[in-house]
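Participant: Residue-level listing of the chains:
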Amino acid sequence: MDEATAGGLRIAVLVKHVPDAQFDRHIGEDLTTVRTESILSELDEYALEAALQLVEAHGGAAAGHRVTAITMGPAAAVGAVKKSLQIGADDGVHLTDEALTGSDASATSKALAALLRHLGPFDLILTGMASTDGETSLVPAQLAERLGLPQVTFAASLELTPGDGDRTLSARRDNDTYAETIESSLPAVVSVTDQINEPRYPNFKGIMAAKKKQIQVLSLADIGLQQDEVGLAGSWTRVEAAAPRPPRNQGTVITDEGDAGVRLVDFLAGQKLL
Amino acid sequence: MTTVLVFLDHAGASLAKSERELLSLGASLGEVTVALAGDADQAYLDGVGSYGVQQVYRPDSAAVSEVLVAGKAAFLAEAVRTTGAGIVLLGNSYEAKEIAARLGVRLGAGVITDVVALAADLTATKSDFAGSYTVDCRVTTDVAILTVKPNSFDAIEAGGPSSPHEVRLPVDLPAAVARVTGRVDKPVSGRPELAEARVIVAGGRGVNGDFTPLEALADALGGAVGASRAATDAGWIEHSAQIGQTGKTVSPQLYISVGISGAIQQKAGMQTSKVIVAINKDADSPVFEIADFGIVGDLFTVLPQATEEIRKRGL
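Line order of the protein sequences matches chains A and B.
Every number in the numbering used here is 764 more than the matching position in the first sequence, counting from 1.
Every number in the numbering used here is 219 more than the matching position in the second sequence, counting from 1.
Don't read these hints as lab results, they were simulated from the structure.
Accuracy of the hints is not assured; some may be wrong.
Claimed, not checked - The list that follows gives simulated cross-link-like pairs (lysine to aspartate or glutamate, DMTMM-like), each with its CA atoms no further than 20 angstroms apart:
no., chain 1, residue 1, chain 2, residue 2
1, B, K531, A, D1023
2, A, K1036, B, E528
3, B, K500, A, E1021
4, A, K969, A, E793
5, A, K1036, B, D373
6, A, K975, A, D854
7, B, K405, A, D940
8, B, K531, A, D1030
9, B, K405, A, E944
10, A, K1036, B, E527
11, B, K236, B, D265
12, B, K467, A, D1023
13, B, K467, A, D938
14, B, K493, A, D1030
15, B, K467, A, E899
16, B, K405, B, E285
Computed from a predicted model, the values in this text were never measured in an experiment.
The task is simple: from the sequences and hints, build the whole structure.
Facilitator: In structure tokens, the structure reads:
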């Protein structure tokens, strides 16, 4: 990963197949996530869009740029890569292995780091700000640490100053109390927020074109990892119990008859909330 | 006795409530030592001392804060090695989680984020799937790194206050880092931060661009103002106010939902609030299904009346 490729940009976009938040989501008896009704993580669509916009702003595929959608997970996880190809990624990679089941953030970042080293070098590794299932936001920072790369995380804007070998990336990051501007050399790990762009939808042409695009399927052995380095065995945290939160009961609903504001204050006083 | 290292980032004039909660939790687990990344004045250090902290570690170079995340992670790793800490506690901001993430890789230590409860054997409780599951988990490595949600633990000062001794640590910054080249402070609203607020008044599409009545009620209740994605996307309020699946997850004592229909993504961000009040014109809004007290009515008459009533009662 040390040297950026001269000429065309190689961008890896990490995409995840996650349970659809529009439905009830479940944790199974084995304490891992039940992956039915799954989709490309909404937050990863912003990362893919950011990759496509960077490429388009700098000459597109004709300039030798390439966007690769990468995922890890069970057979169905390839769905996230397929959707990415329909939206506009050039090719895809699916790391799949039974032994990956139950990986926590540290094991996930270990597998992804090995995968990216195997496939690389990349100029840019783009991710969403968090997965919508694990929701930890740990993986991008852990990837950067493992690969020895700068991290530009929670980018709300992203610009690339072109140049051969000395490209720089500038980004804006919003905090509760301040906004920061960030600069980094490439290669770098970048995570983006949902403020950065409006992701495009796949169109008919994209869907047809995706059928001809390649998806490389790799196993742990292909990227030089042992089975016990990932999955439950390779994780540094363990889930011991999971219980659905009891549903909230509906309380009183009143219709305003001119005194609802006063009745609201009565309710708050009764709950000792004033 | 276990050494507990508490990481404090941007030191303000005085300790924030969430920082007090971290120090108090640390003191309940072992002997607390602080790793402080920012600059601190005496009042801040006295605040730290009121939790019985004997030592405060500081980086020997300001460069730690000039690079993004990696510098603070390197500093904290050095502090863990120096103190032999078995537990590291951090806040739950995005940046704190990322510092925890890099620290975990550096130390080969497990990280648990969003902790809301902690047993004596370090079994941590957190919510998953945006509050729809409660999950117990444990770190399996020698060092445990935990990021703790605000409002989850009480801040109880230690019996004997101390004057903490400052120790400077040399930090080796990683070679490849992103640099912070500028910082603009946002205007201070005077209201509590969303993540820490006891009361939140949140508005959605129904406020139609006018947050004034929500701000007035929030101020009467000493609360913060939040918003649904529809309201932030419309530009009616800044994006950092966004609550929900892709915004902030909050669990205040009181959440007042105003003009928000309660789509699943919004519910995801607030359903662990202790008490939920919903005000909406549409009686069929899904938010009423989870509200403890719901009002079908016009927010522009209900909210000013409630605000006036709170003032009238001298509350």
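Participant: Determine for every hint whether it applies to the structure shown.
Facilitator: To see whether the hints hold, each was checked on the structure:
no., hint, verdict
1, B:K531 <-> A:D1023, "15 angstroms, holds"
2, A:K1036 <-> B:E528, "15 angstroms, holds"
3, B:K500 <-> A:E1021, "13 angstroms, holds"
4, A:K969 <-> A:E793, "42 angstroms, violated"
5, A:K1036 <-> B:D373, "19 angstroms, holds"
6, A:K975 <-> A:D854, "11 angstroms, holds"
7, B:K405 <-> A:D940, "8 angstroms, holds"
8, B:K531 <-> A:D1030, "13 angstroms, holds"
9, B:K405 <-> A:E944, "11 angstroms, holds"
10, A:K1036 <-> B:E527, "18 angstroms, holds"
11, B:K236 <-> B:D265, "15 angstroms, holds"
12, B:K467 <-> A:D1023, "33 angstroms, violated"
13, B:K467 <-> A:D938, "13 angstroms, holds"
14, B:K493 <-> A:D1030, "17 angstroms, holds"
15, B:K467 <-> A:E899, "11 angstroms, holds"
16, B:K405 <-> B:E285, "19 angstroms, holds"
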